[in-house]
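S.K.: So the sequences go chain by chain: A and V.
Per this note's numbering, the very first residue in the first sequence carries number 1; after that it's consecutive.
Per this note's numbering, the very first residue in the second sequence carries number 187; after that it's consecutive.
None of these hints come from the bench; they were simulated from the model.
Glycine included, C-beta positions come from ideal geometry on N, C-alpha and C.
Hints should not be assumed to be uniformly reliable.
Said to hold, decoys possible - Pair ranges (Cβ atoms, derived):
| no. | chain 1 | residue 1 | chain 2 | residue 2 | range |
| --- | --- | --- | --- | --- | --- |
| 1 | V | 282 | A | 101 | 52 to 60 Å |
| 2 | V | 348 | A | 170 | 48 to 56 Å |
| 3 | V | 248 | A | 62 | 26 to 34 Å |
| 4 | V | 248 | A | 186 | 52 to 60 Å |
| 5 | V | 212 | A | 95 | 38 to 46 Å |
Claimed, not checked - Far from chain A, some chain V residues (derived; all Cβ distances over 10 Å):
| no. | residue |
| --- | --- |
| 6 | 281 |
| 7 | 298 |
| 8 | 338 |
| 9 | 370 |
2 protein chains.
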Amino acid sequence: MKYPNGVKKMHKNNVSYANRGMTLEEDINVTNKYYLDNNIGVIHKKPTPITINKVDYPSRLEAVIKEAHFNTPSTTDYNGVYKGKYIDFDAKECKSKTSFPLNNIHQHQIEHIKSIINHGGIGFLIVRFTTLNLTYYLDGNKLISFINDNDRKSIPIDYFTKEGILIKDRFQPRVDYLKVIDEVYF
Amino acid sequence: MKYPNGVKKMHKNNVSYANRGMTLEEDINVTNKYYLDNNIGVIHKKPTPITINKVDYPSRLEAVIKEAHFNTPSTTDYNGVYKGKYIDFDAKECKSKTSFPLNNIHQHQIEHIKSIINHGGIGFLIVRFTTLNLTYYLDGNKLISFINDNDRKSIPIDYFTKEGILIKDRFQPRVDYLKVIDEVYF
Numbered sequence: 001m002k003y004p005n006g007v008k009k010m011h012k013n014n015v016s017y018a019n020r021g022m023t024l025e026e027d028i029n030v031t032n033k034y035y036l037d038n039n040i041g042v043i044h045k046k047p048t049p050i051t052i053n054k055v056d057y058p059s060r061l062e063a064v065i066k067e068a069h070f071n072t073p074s075t076t077d078y079n080g081v082y083k084g085k086y087i088d089f090d091a092k093e094c095k096s097k098t099s100f101p102l103n104n105i106h107q108h109q110i111e112h113i114k115s116i117i118n119h120g121g122i123g124f125l126i127v128r129f130t131t132l133n134l135t136y137y138l139d140g141n142k143l144i145s146f147i148n149d150n151d152r153k154s155i156p157i158d159y160f161t162k163e164g165i166l167i168k169d170r171f172q173p174r175v176d177y178l179k180v181i182d183e184v185y186f
Numbered sequence: 187m188k189y190p191n192g193v194k195k196m197h198k199n200n201v202s203y204a205n206r207g208m209t210l211e212e213d214i215n216v217t218n219k220y221y222l223d224n225n226i227g228v229i230h231k232k233p234t235p236i237t238i239n240k241v242d243y244p245s246r247l248e249a250v251i252k253e254a255h256f257n258t259p260s261t262t263d264y265n266g267v268y269k270g271k272y273i274d275f276d277a278k279e280c281k282s283k284t285s286f287p288l289n290n291i292h293q294h295q296i297e298h299i300k301s302i303i304n305h306g307g308i309g310f311l312i313v314r315f316t317t318l319n320l321t322y323y324l325d326g327n328k329l330i331s332f333i334n335d336n337d338r339k340s341i342p343i344d345y346f347t348k349e350g351i352l353i354k355d356r357f358q359p360r361v362d363y364l365k366v367i368d369e370v371y372f
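Isolated chain A (complex conformation) (with noise of 0.2 Å):
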């Protein structure tokens, strides 16, 4: 990014990680890249799903997408393998300081969680409320079971310090979510 006057803006120079200016995309994705390097698990992100309209072959062997849309994900972004069972989640980052509001999540996505439970994966959220540099893990079923008892439209901050797990903040792996299913399911 250009700043004006040739100002550079620095973020990565803060001593804590979370505040190091890294999104927890970014996080997750690093984070997925030292499972695979040091062989504890195979977890990938899905490629953003998209709609091709036009396509340009400007030569016989480049193809360019001139035009496409967005679509709806009715899955959730990351899946994978870790000690033999399916792992699934989604990772969402929360401005707020109080709550995380459920319109952050597709009711497909919800579904598709509690599908991935019943045939025996392992389903979760991975939610980073930015302001408080917390990241918290919430079970699938812990998800599911408020949406179920709740009315609301928001999931409280106590709801994940009580149900969730607290992933702290580390240098590598930066957000180590296998450690927390380590402790959950095996």
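Please build the complex by placing chain V on the supplied structure of chain A, with the hints as guidance.
M.R.: For chain V alone, kept in the frame of chain A given last:
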């Protein structure tokens, strides 16, 4: 599709299910939908991996991708969960009557299948010899063995008949690969 003089080309009246103008990808997509609708398993095709270079916002609610490129896939196309197990595979069509060219699979896709198996997942290929109307399941272990034991650049069809499992064409589910998984793994 509109044809001149109101003539409509019929695709779906053939008796053979394999020869009805459906691609293997289409067959697998409807098979996965059948599995999902009938609560058998949750398996999805991943979106096409792309890099987005330019996005326009013609209105506040609309985003249109104006330039993007296709990426080389680093994983396989399909994954999900069945009876608690992680399922991961790629589906390939092949015109040859005698062999399946290995350049249909990228090296990192082979590495991906190896990793999947090492972590307790089930990895495999579905290969359709389109000219012969034959669709085979080839287990990831058999694929890896072949590559380790041979210098050949293609897998002869004999290897599929001996080491693979023929997936018979059905009305629905069209390509019942989970039945094969049942035989091999459960």
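S.K.: All the hints need checking, so say for each whether the structure fits it.
M.R.: Hints, verified against the model:
1. For the pair residue 282 of chain V and residue 101 of chain A, the supplied restraint of 52 to 60 Å holds, since their beta-carbon distance comes to about 54 Å.
2. Range check, residue 348 of chain V to residue 170 of chain A: Cβ separation about 49 Å, and the 48 to 56 Å hint holds.
3. At about 28 Å, the beta-carbon gap between residue 248 of chain V and residue 62 of chain A stays in the expected band of 26 to 34 Å.
4. For the hinted restraint 52 to 60 Å between residue 248 of chain V and residue 186 of chain A, the CB-CB distance of approximately 45 Å leaves it violated.
5. Under the hint 38 to 46 Å, the C-beta atoms of residue 212 of chain V and residue 95 of chain A, about 42 Å apart, fit the expected range.
6. Remark: the non-interface label on residue 281 of chain V is consistent with the geometry, its nearest Cβ contact in chain A lying 20 Å away (cut-off 10 Å).
7. Residue-level check failed: residue 298 of chain V sits 7 Å from the nearest beta carbon of chain A, not beyond 10 Å.
8. The non-interface label for residue 338 of chain V is consistent with chain A: the shortest C-beta to C-beta separation is roughly 26 Å, beyond 10 Å.
9. Interface exclusion of residue 370 of chain V from chain A stands, the closest Cβ pair being 15 Å apart, more than 10 Å.
Violated hints, listed in ascending order, are 4, 7; each of the other numbered hints is respected by the structure.
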